[in-house]
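One-letter residues, chain by chain:
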Amino acid sequence: MTTTWRRFCTAAALVIGAGLVAPTAGAYPGPAGARPDDGAEYQRINEQVGPALVTVKFVLKVEGGGQMSDFMGGNNDSENEVTGVMIDAKGLVLCSNSQIGGYYGMMGSMMGGGGVTVTPTDVKVLIGDDTEGLKAKVLARDTELDLAWIQIDKPGDKDLAFVDLTRSSTATLGQRLLSLGHMGKFFDRAPVVSEGKVCGIAHKPRHLYVPSSDLSADLGLPVFTADGLVVGLVVLQIPDAESSEGGMGAMMGGGFRGGGALILPAEEVVKATKRARETAKAAEGEKKSDDGAKPAPAGEKPKP
Amino acid sequence: MQATRTLGFGRSCRAFCTRLVQIAALAAALAGARGCASLGHVSAPPETAGAQPTEDVRIMIGEARDRVFPALVHVDVVAVENFGGKKQKQRFTGSGTIISPEGYVLTNAHVTNKGVNYWCTLADKRRVPAKLVGEDPLTDLAVLRLDMAAVAAATPGAGSGPGALPVAKFGDSARLQVGDYVLAMGSPFALSRTVTLGVVSNTERVFTSGLGEGEMSEMMLDSDQRTGLFTTWIQHDALINPGNSGGPLVNLGGEVVGVNTRGGSGLAFATPSNLARQVAATLIKDGEIKRSWIGVSFRHIEDTGLPDGVLVNSVDIDGPAQAAGLRAGDVVRSINGQPVTVRFVEQIPPLLKSLADMPIGSSVEVGYRRDGQDQTTTVVTKELLRDRGDETALREWGLTAQQITPQIARQWQILDPDGVLVNSTRSGGPAETAEPALSAGDVIRSVDGQRMKTMADLIAFYKKMSEMKDKPEYVLIEYDRHGKNYLTLLKPKPDERENPPPEIAKAWIGVATQAVLQNLAEKMGPPNEPGFRITRVYAGTRAADSGLKVGDLVIALDGDRLKPRGMQDAGLFARAVRKLSIDDQASLGVLRGTEKVTISVPLERTRLTPEEAKRERNTDFEMVIREITFFDRDEHQWKQDVAGVVIDQVESAGWAGLGGLHAGDLIQRIDGKPIGDPTAYKETMEAIKTAKPERVVFVVLRGIKTYFKFVEPEWGPGADDKAKNGNDKGAGGAPKPGDSK
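The listed protein sequences correspond, in order, to chains R and F.
Sequential numbering from 1 applies to the first sequence in our numbering.
Sequential numbering from 305 applies to the second sequence in our numbering.
Misleading hints may appear alongside valid ones.
[Unchecked claim] With a straight-line Cα cutoff of 27 Å, these simulated DSS-like cross-link-like pairs (lysine-lysine) come out:
hint	chain 1	residue 1	chain 2	residue 2
1	R	K281	F	K986
2	F	K773	R	K135
3	F	K867	R	K154
4	F	K867	R	K204
5	F	K883	R	K204
6	F	K390	F	K883
7	F	K918	R	K281
Read the hints as simulated data drawn from the structure, not as lab findings.
Extracted from the complex, chain R is given alone in its bound form (with noise of 0.2 Å):
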């Protein structure tokens, strides 16, 4: 077995585990778990969190060579849909960049580069019970945190309803968490509630809370109190290629529990979020310079 081979091997063995690429069975708690107030507060996060909810539907173009693209069965387009969280008024969407694609990175980045490149295109996302979408576009990404911005090209007028990511909490061990997901496409997307615990809290390579297995929640949504307020949200989190050096017994340590779906607290994600809006300003700057669109000196209206 080569070591690139072994990577790889782990790298797969992770993000099946993580439910990416196998579908995770909706193992979501039974009545047996049940407290006299879970119905008042499996409502209340439907309420205030499911119009938050959106579809985000896009092409991902898989292009490249070497290994990734032939595990990929080379070039490839397909059609995909995530769950993502509207986290302000005017169509900002957060949701995990390796559900849009961006496990091929990580992976790649366990292996010791990918040699493929992966764009999603055609994004669109879906609010409420639209079919047909809005136009959207990545605007930035966090491949080390899971975490990508999207945002709607023409959000309307009215202001749409979101999670503020502000309205934060800590949690501690054995705190119990709610989430709210979505089912498929062919159950019309019906909302889930999901409740779990944190079962343990981790500080390298960031600060992260561990659920427990039954809570169901899915990557790129965020976990709440049972008071509403907001713990952070699930990301795939694996070793990179810096600390897979070690090889399969580094990566793999601790057993199962060498990476997968974990809570990145809602502090960072909101630090990441204004780093995402800066990179955005920047890349779109960058952007019209390359278009040779100058801006207007200060006080000139811009030409017609």
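Position chain F against the provided structure of chain R, taking the given hints into account.
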């Protein structure tokens, strides 16, 4: 994506090999570089009687070789296949023989199949372009014509008249006998000018379905084109492999007695020269072969209990034989007054050929027996149409489509042939993402209410729509699938490349490090501290300006101790830096030898990765380049003064690929102009597109060497469909789309 039929099993090959499993007694496979070839291993050389030929025979072999070998050519083909919802170029190789002083080259149709560009390498190693004269898929034969001006140019003084080219002569394949010595010449696995020796194993080989049925099996050139209907094969054991296809089989008299077409694993099959000569002459004269068709399939009468005649196995619906009242089960006993008896399967190809060779529209008097009664009818032949319909790719719709021919209608069980067959869709493309999605096998009946009876209708609609200023957002497509009629909306969209989304900018220090664990630290000596040893300081970074050196051991960042506990912490230092803010000042606690120093380093933003780099696609040269990144410089140890653009992707059979450009090459100059970045590249390529030179010279850096690559692009409209030096006639004579973009 590329395939070289020299080395791989083509689609027709796979179908053929499936049949091979059934033909246990006759493990044969397609022989050419194009099509299929071998069963996967190289056979041992043939053993001839007496182990070694006598001296006389050796001399004869040498003389035979010298008569044909100079006329042997290696054939290179760039073909355009329609699959995966788009056109895809591929490169194939085969063999051929110069058969006339005018430069006509005989080869296999599965070598030239779907070709747009052809080159022939002559025995004296000159490589000249060629044009397709004609193909006859039913016999798997084709004729190319060398560009005689190029022949003359390649050999100053040789001219282009008679005598400029060596020519091979045909022999009489009917005189071949089992056991005769034969030579196979060609380019096995693209190894040109190869000669092998063997003996004739069988002179009347017919492929049967085996398993006791013994009926003639239907051979396919591709999945949609029958072949070998009229061929009684010469089986021999001169070793042939993929790449031999189209090459000559030569007798010891130095005459071409066959065209090597199929084989492998020590079994080789050649098309007899008597058939090949006739087909080649017609192709040279008319560019195509027109044949008669009566619409029946026959079965030999051995084991049927019938005393004479030939059994009508099936009758094609709406064919001439059906119109004349013939039915399956009739026994044909005479044709045009001549008695006919086909006792053995080997007699079927000649019977089919005799019917096919009649002029189209001939009245054929057929005597047959039904229910013990002899009867007569007159069958008026019709033209035998090609099995394969014209194909095209509608790029903005993300599908490839095909004209429905009678054979395709039978194959796909399409009852109403007025329509266009979808034969593939592009994953993620408009056809596949339509709701409901279109898929291979669907028959398009109408678009936006307009009937689409033929491919020409569909192409005309598509072109008209492509040229519209205000294109409709959707087109309404009515199609049939498995006898059900559907409607769908398809949203046309160009298949364009977009730049990947930007990665969020983070803080970075321009050094590479290794984790120094406790045990290594102790071996390194006092003060025995673990940390991160600097293995490289990147030139031109703020880290380089700050005085950091290779060998420094970073043990703290902004006062926080950095202590790797295992190799899983190898990325800990870089991660800690990324948590800081760009443009902040980082304070590094550093061990330099035994001395502890503090070094302040201004942080900078993470560098662009190759995945994020800006890209440019050039459709003329069929390649994608990207800007050079910091990590490219690091990997290749290119200094800052090394400039250029990195080739990200090259279509292997595109002009850049054919010119020898590879992914990973750093383009430094194009036609003498320095290329510093994608902008310079784009400007240069646009200027080249305007100037349309015959040849463009790329200087690339590959590894530590520079290479000059001479690329000869095709200019002109419809680069997708049209040949550079081939003919531009669509199969079956229907128009091809000028450009399916």
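Hints versus structure:
1. For the given pair, R/K281 sits about 25 Å from F/K986 by alpha-carbon distance, which is consistent with the 27 Å threshold.
2. Simply put, F/K773 and R/K135 have alpha-carbon atoms about 22 Å apart, close enough for the 27 Å limit, and the pair holds.
3. For the suggested pair F/K867 and R/K154, the alpha carbons sit about 49 Å apart, so the restraint of at most 27 Å is broken.
4. Between the alpha carbons of F/K867 and R/K204 the distance comes to roughly 13 Å, so the proposed pair stays at or under 27 Å and holds.
5. Note on F/K883 and R/K204: the hinted pairing holds, with a Cα-Cα distance of about 12 Å set against a maximum of 27 Å.
6. Only pairs whose Cα atoms come within 27 Å are accepted, and F/K390 paired with F/K883 is rejected, the gap being roughly 45 Å.
7. A hinted pair counts as satisfied when its Cα atoms are at most 27 Å apart, and F/K918 with R/K281 qualifies at roughly 17 Å.
Comparing the model with each earlier hint shows violations of hints 3 and 6; every other hint is respected.
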